[in-house]
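Participant: Chains as they are written, first to last, in the working numbering: chain A, 1 to 171; chain B, 1 to 453; chain C, 1 to 326.
FYI, nobody ran anything at the bench for these hints, they're computed from the structure.
In this text, a Cβ means the ideal position worked out from N, Cα and C, and glycines have one as well.
Among the clues, some could well be false.
Sample of chain A residues at the chain C side, in silico, Cβ under 7 Å [unchecked claim]: (1) Phe-42; (2) Trp-45; (3) Ser-48; (4) Glu-49; (5) Ile-63; (6) Ser-70.
Pairwise CB distance ranges, derived in the manner of DEER restraints [to be verified]: (7) C:Arg-234 to A:Gly-114: 53 to 63 Å; (8) A:Ala-118 to B:Ala-306: 52 to 62 Å; (9) B:Val-389 to C:Val-26: 33 to 43 Å.
If you want the building blocks of each chain, they are given just below.
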Amino acid sequence: MSKEIKFSDETLEVVAKIILRYPEGRQKSALLPVLHIAQAEFDGWLSSEVMDYVASILNIKPIEVYEVASFYSMYNLKPVGKCLLEVCRTGPCMLNGAEDLVAHFENKLNIKDGETTADGMFTLKTVECLGSCGTAPMLQCGADYYENLDNQKADALLDKLRDENQRSRYC
Amino acid sequence: MARKILLEHLNVPGIETLEVFRKMGGYQAVEKVLKTMSPDDVTEEVKKSGLRGRGGAGFPAGMKWSFIDKKSEKPRYLVCNADESEPGTFKDRYLMEKIPHSLIEGMIVSSYALGAKTSYIYIRGEYFYVLRILEKAIAEAYEAGFLGKNILGTDYSLDLHVQIGAGAYICGEETALLESLEGKRGNPRMKPPFPAISGLYASPTVVNNVETIAAVPHIVNMTGDEYAKIGVGRSTGTKLISASGHINKPGVYEIEMGLPVEEFIYSDEYCGGIKNGKRLKALIAGGSSVPILPEHLITKTANGDARLMTYESLSDGGFVSGTMLGSGGFIVMDETTCIVRNTWTLARFYHHESCGQCSPCREGTGWMEKVLHRIENGHGKMSDVDLLVDIAKKIEGNTICPLGDAAAWPIASAIRHFREEFEYHVKYPEKVKDPKHFFYAPFVSEKMNASIA
Amino acid sequence: MAKVTIDGLEMEVPDGTSILNAARMVGGDIVPPAMCYYSKLKGSGGKCRTCLVKVSQGSAKDPRPMPKLVPSCSTTVQDGMVVENITSLDVLEARKGVVEFLLINHPLDCPVCDQAGECDLQNLGYKHGLAKTRYEEERRTFEKADIGDNIKLHMNRCILCYRCTYVADQLTDCRSHGVINRGDHAEISTYISKAIDNDFSGNMIDVCPVGALTDKTFRFSSRVWFTKPMDAHRDCKKCSGKVVLWEKGNEVLRVTGRKDKYGELEEFICNECRFEKKNTSDWVIEGPRHIDKHSVISQNHYELLNNIKVDIVKYQKQVAERVNKG
Ligand SMILES: Cc1cc2nc3c(=O)[nH]c(=O)nc-3n(C[C@H](O)[C@H](O)[C@H](O)COP(=O)(O)O)c2cc1C
Ligand code: SF4
Ligand code: FES
Ligand code: FES
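Next comes chain A alone, as it looks inside the complex (with noise of 0.2 Å):
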């Protein structure tokens, strides 16, 4: 069931107008702005067809496309769950328990660092600090904080999102 990949009317206009905010010629500026939309329209993650599609509505080359979202940490290369959870893990959130979050989501969704629950609904990503390290441990889901966390929260938090049922997005 993969859908046609195309960015709908609304979509291409906001594109559109990120491309406006370059000089002409420099269309390639909208590249990040525009991966990010497109993680967020086709399942969360950056397929090849869906990196061509990019490079064609900037005119740029695909390779140009796959070097740039192969760079940066936010893009899936791959699928994910349906909810990213980006748990921080660097020095200030280690001193803090980020070791004991990351143990405990392992535990209770049965699934190492980097994998996706057999449902479906959850990712476990550790990710590099997140600029929140005063609310340490923390977490990013979605474009969403959630910060100060413990064990319960974790919990409240994931059956939040079960109930949700939403595929985060940044944006």
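Since the structure of chain A is provided, determine the placement of chains B and C with the ligands on it from the hints.
Facilitator: Just chains B and C with the ligands now, kept in the frame of chain A:
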């Protein structure tokens, strides 16, 4: 109470809106510069203020502005560095989220000073929700005539856009940021040419940190001379400090430069002391890239002077016994902390974030992480400790951009000050099996014990 | 013109010359090794850091030394500049470090590598490296890949000089390979298996300083040092047609461009000349090619090769095991 400038109106309800922000005196600086000052006047005030870049390097902002190539026919750009990804640093996010208009006002005033007609704020991808806050504020500013064509009826026009990143610490390095803004991989550029000559789209460009830019309207309002009176010596003004780790009150604090480190850690106005009544063990004072300090060098310098929150005092003693103010990411560690584990997580960070362009950083960061991982997990050898020092030395200074140095310093300094702890991991592998090995029984120096006995 | 001193040798070079090119004008030992810079490829250089030198005096106007070692390939000379290359212990130490970094993830599979004998990394390691590795961690590995019909990519050997991407950008009209991923996961790739097909894509093989990109029409036919290089040319509509034929007996095993003493192509050649003209009758033979590079294949350096073989003997076993496994 110490003087607040950037966060003075933090708690005013609705300060995120243009209306309330203006009521509290916001956008006055825009009126003032557009109607009464030439661009060079503005630069002159910033020079007088002594304002130094708040992104990490502490380069004088006014001087950086004066380097911009004014003879070039190309358009000039101001790009705000809101990539904030240095572990331990979260002040820019706080400022943009709470008082977004302070950055926008700063962008307008600074762009005017530089003669930029289009400016960009490059924000890290993870801060998507802050992007929305900024976009809303920018829309308000356009509506009110502070952005767009003929601002406040003058002949100065400015367009301001926010560009989103997508997860890459290296894009905080200014030339990598410009590459990223051009839609490319965040590979830092070779310098020279510097951005002031050839930056965004090969045009003259200034890149400044969020906090640097947000300070400019205040400088314009109070005059550079007045701003320069705050602080000590060449560390003028106020600074936002992101405090994290084992403290009672983590968060973002605005301090006057010159505040004693001791007061910052223990006063209830700031960090409120060490959590759970534990003892202080170590401090990373300016974001993960700066050298770590052991307990006896935190509140006092090697000479016994009180250590102050200034560029100069924090770096007193150089690499031997000092550190740096950096981005103001203040990470406090108590006695239960394993320095090796902390150093390893930072090494993993730099390994993860190296762009991979130049060989010392690409290969060296991964190597150091692997060796540290072995030591931390009880699989190290004595020679590994010196090996780490040597790898760090071979990276430092030999790379394209300072990420290599940033990866090397935390490791070199941790071994300099905590060598015995590294050796302990090698000597007693079974004692470090539990990942929380120092949690219940803090590390005690055998050397120190022996000297007491 | 600018007056520069490199390792005590004074010279005068045009303004805007890089330190490396100034040194190359004089030649000899004062020339820093260069693994990523390629004078004919715009934007190349600065990445490998093997060419680092010390600037002990910035210029006549500003005699202060530069605070850090600088890449000689991308640092322009200033009038009155004083540069130390092999006369600086700092430089030699840093270079040793760079060589070690370049080798830690390198498979050291010279015994089975086509490039052996004409590999810049092999030469570099011999001249500047440590005798033994201090690296005990697992080496990074990638799968081998075909890039088009004629080029094999052996990513394990790549040092990420980016030269091949510049060839694709600057010589062909549609670059379809590039550098993907980041840090030490970065790799040369087409991302999805796409054939590189373009009249000049074969030059990627010649600019590759190591054995990462090799000519599939030549692979394993022979070690280079058993072949006889001959200058030859043909009338070609696409390129100059000036090549080197690598012959064994009367057979043309391989066709490459002509390289100067710094390993750089004198002219880029087209794929037709490189891959399709494998009969001596296709060519007008000019005579034996003089290889004047400091390479193990240049005649008076055969003894080096033996030494290198000794150096890598202990890896040969490992490699042989790996090769046997699969
Ligand atoms: C690896 C690396 C990461 C950096 N990250 C940031 C950052 O996140 N934010 C920032 O303002 N400056 C960062 N910098 C410093 C910038 O390169 C640049 O110096 C700064 O944005 C200039 O602004 P300022 O003069 O106002 O501080 C980073 C530098 C390096 C080398
Ligand atoms: S030092 Fe590291 S991050 Fe900087 S250019 Fe080199 S590889 Fe990239
Ligand atoms: S270390 Fe986790 S948010 Fe900074
Ligand atoms: S040749 Fe100069 S850095 Fe590679």
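Participant: Against each hint, give a clear statement of whether it holds in the structure.
Facilitator: Status of each hint after checking the structure:
1. Phe-42: At 16 Å from the nearest chain C Cβ, Phe-42 of chain A fails the 7 Å test, so the hint is violated.
2. Trp-45: violated (15 Å)
3. Ser-48: Since chain C brings a Cβ to about 5 Å from Ser-48 of chain A, closer than 7 Å, the hint holds.
4. Glu-49: violated (10 Å)
5. Ile-63: holds (5 Å)
6. Ser-70: holds (4 Å)
7. C:Arg-234 to A:Gly-114: 53 to 63 Å: holds (54 Å)
8. A:Ala-118 to B:Ala-306: 52 to 62 Å: Taking Cβ atoms as reference, Ala-118 of chain A and Ala-306 of chain B lie about 59 Å apart, which means the hint holds.
9. B:Val-389 to C:Val-26: 33 to 43 Å: holds (37 Å)
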